[in-house]
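All chains should be modelled from the sequences, with the hints used to inform the complete structure.
Each chain is listed here by its residues.
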Amino acid sequence: MSTALLEMTGVRKRYGGVQALDGASLTAVRGEVHALLGPNGSGKSTLDKTLAGTVVPDSGEIRIDGAVARIGGPRDAHALGVAAVYQQLSIVGDLTVTQNVVLGLEPARRWGFLDHRAARDRAGAALERFAAAFSGRLPLDRPAGSLGPGELQIVEVAKALARGPRILVLDEATASLHKEQVEVLFEVVGELRAAGVLVLFTSHRLDEVFALCDRATVLRNGRTAGTVELADTDEAELVGLMVGDVPHRAPRRAPATTGAPAPTEAFVGAGPEARPGAEAEAEAVPGAEARAGAEARPGAEAVPGARLEVRGLTTERLRDVGFTARAGEVLGLGGLQGQGQSELLLALFGAARVSAGEALLDGRPLPLTSPVRAARAGVALVPGDRGRQGMFATRPIQENLSLASMRRRARAGLALGAAAERSAARSMVERLRIKLGSLADPVSTLSGGNQQKVVIGKWLLDRPRVVLLDDPTKGVDVAAKEEIYAIVRGLADDGAVVILNSSDNRELAELSDRVLVLFEGAVVEELSGAAITEGRLVAGALRLAPGESL
Amino acid sequence: MNVPARLRDLRWAGVQLSGVATVAMLVVAVAVNTALQPNFWGGYALTSNFATFVPLVAIAIGQTVVVLSGGLDLSLGAQVTLASVVAVQVVDGRLDRLPLAAAAALGVGMACGALNGLVVALLRLQPIVATFATSFVFSGLALVVLPTPGGSVPIEVTTAYRDSVLGVPVALLAIVGLALLWRVLRGHRVLRHVYAVGGDAEAAYASLVPVTRTRVWAYVLGGLFAALSALAVLANTGSGDPFVGNELTLASVAAVVLGGTALAGGRGGAGGSILGAMVLALVTNIVFFADVPTTYRQLVNGAVIILALALAGIPALQKRRPAA
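For the protein sequence lines, the chains are E and H, in the order given.
Heads up, the first sequence is in the numbering used here, so the first residue is 1 and it goes up one at a time.
Heads up, the second sequence is in the numbering used here, so the first residue is 1001 and it goes up one at a time.
Simulated from the structure, these hints should not be mistaken for lab results.
Among the hints, erroneous ones may be present.
As the list claims (entries may be wrong) - With the Cβ distance kept under 10 Å, some of the chain H side facing chain E (calculated, not the full set):
no., residue
1, 1190
2, 1191
3, 1195
4, 1206
5, 1207
6, 1236
7, 1265
To be verified - Just some of the chain E residues that point at chain H, by a computed CB distance under 8 Å:
no., residue
8, 74
9, 78
10, 86
11, 90
12, 99
13, 103
14, 104
15, 106
16, 221
From the three backbone atoms N, C-alpha and C, an ideal C-beta is built for every residue, glycine too.
Quick look at the structure:
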């Protein structure tokens, strides 16, 4: 075998409390299609980005053609012949397709004045192979923002191809493509391989990996677990590499018993008199009364014992998702990241456009049209991007804690008692063991784990019936993780339905009573009890599990 | 870096007036002016109207470039002041020094822009805060250069500025010239990158656009147009004034908004801003001819901007309604 075109060794990158790459290495040769595989959070995308220059590693060495490559930015990577198709596309929506394809490398006449014709020619040539995807007419002059997801993906691919790379990084480049478009892309990749280009290929579809790639490097926890020849490897072996030799732990929680547990004192407090602003339909107290309400609605019979029922939920990114959950149950959402888990949580919180389907909470329809209505009905969301969606970073901790439940304490719907706010916040701080200087400090002064506790705590004060957690321990240190786990269990013990999306399979195994595995917006597998192991979760995520249901 | 991202999160920042709305406002403003101002369409009134438009048009184009890049320049008015007092001190009433004075003004404007650009793009201060601070530096410098109103512009310049060529006012030709300069810049790589950075800085960075350099260039171009605005101010008034630019800053932002450029960046263009500047100037005219005291001028200007934003927000509101 010829000498390596690309050698990455000991690459490390830390984001806050998370070691995304912990000494990863990768060696690949000219004319090879090399897959980069690994479970969620194993560092695939980060490794891709260090090569493409959008992430600068903390340490490590990258050699291209044997020479040490210093990649301080995308322009350095380009100079070395690296082009990348990013999972989060690098398309500027306000520019036209042509302008996007040539962006950064615009053909120009003298003095930097643009050569529009040359730009169109170049974009046209790059997109021509994919003409079928645009039903024959290339949208060269259309704003990129007006294209569909598949079309955008193709523009992103064409843009990378137009740069004439020696090394092409394809990070989930097929995710939004139709089958025919994938075939065209595979043809192009085949030609590049024949021309001696190295293609690094990351995909959540394992069948594509086997169809296209020569070798695969598997990452696990930011380290390289091994590199294999795909011709003499089977799927089970790959999953073994991804999961490692971790003993298969059974979940610590015993599955919840059927029937709603007795509501705790705190929960009884959530009765009608304590909710002046709540809509009548959201007032149902769990139990017989709610079920009676459901029986009054023909065609919407509630499953006995189910607190939350979801039927045929469909959005732009979800396909016909249905499930039931009992009070006190922790329902995990597994699968590779970005398969619709966050979208499902957003949809249940009324923050996604639902095109079909319905949800019943305690037998009554749950409005899926606005977060305010969802919150009134007793649904709480702890968003994934806590910095942007979950809190007001520069406002005091006390205010952040009391925000969601303000309505409950407001006298006559108006005045907020400072003393009531303070005592509620203080009891929450004690209950959640949030380490802080003063309630008046801004949330941004807290550590990541304690910030997350504030975000969760704000909803606890609202005594929710359904708690939606979107990767609650992402970027949180180990000790805070354990405390958040305790809070999650506490919520379930109080009778709430907890739906937990987690990119960490160990976390799912530890906390969940059941796990729904999602793939491309649909539930493809359900695991429960002792079947929830990391191996089963990874296999399910890659759709390799026995008893795969479609 | 911080502010564009934040601005983008605010809904109003994404709000954009459509070209139709801008033109409609211009038509209404012209109609009301025609009704109120005697001989609005007469040669003299037309010439003097256009003469007062030019400074605002120039600074509005400069503000457009900065806003398109995802920034905001609150020091543009102060740059007009500084560039104009420097030019008036250089020219000192002598026609032969005119090229030198013009070069000095342009140099001052671009230097001010470069300073703003470096502070915003390299030190990553919020544009609003950074340029507000530098505006005091520029105003202070202007007072050092010319402590009290004075200095004189060659009479040939002021006469020519109010003249007309083949019945077309010179000031109107100046506006056409500014529009052409914008067209030329649009064909340049830097302005393409300005649009890309303002539209999505991260995608632009990943696409090999030199983001920092582009941001600096946007402010430099803003300064260039501020300097052109300063020259127009001098040609119009005939003398220097160390406070002349004060009101132009907010007017430039208003013209950009009225012209349909999104404050979040990346969308819009100077064509709309030119129309927006004319609408603003005509509103000022209307207020004058309707015998409204000058004290109320700013109030009316503010009301017009709010009205325009409200009009622009209506389609956005409808889109926001959840599906039934």
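**Request:** Output the numbers, in ascending order, of every earlier hint that fails for this structure.
**Result:** Hints 6, 16 contradicted; others consistent.
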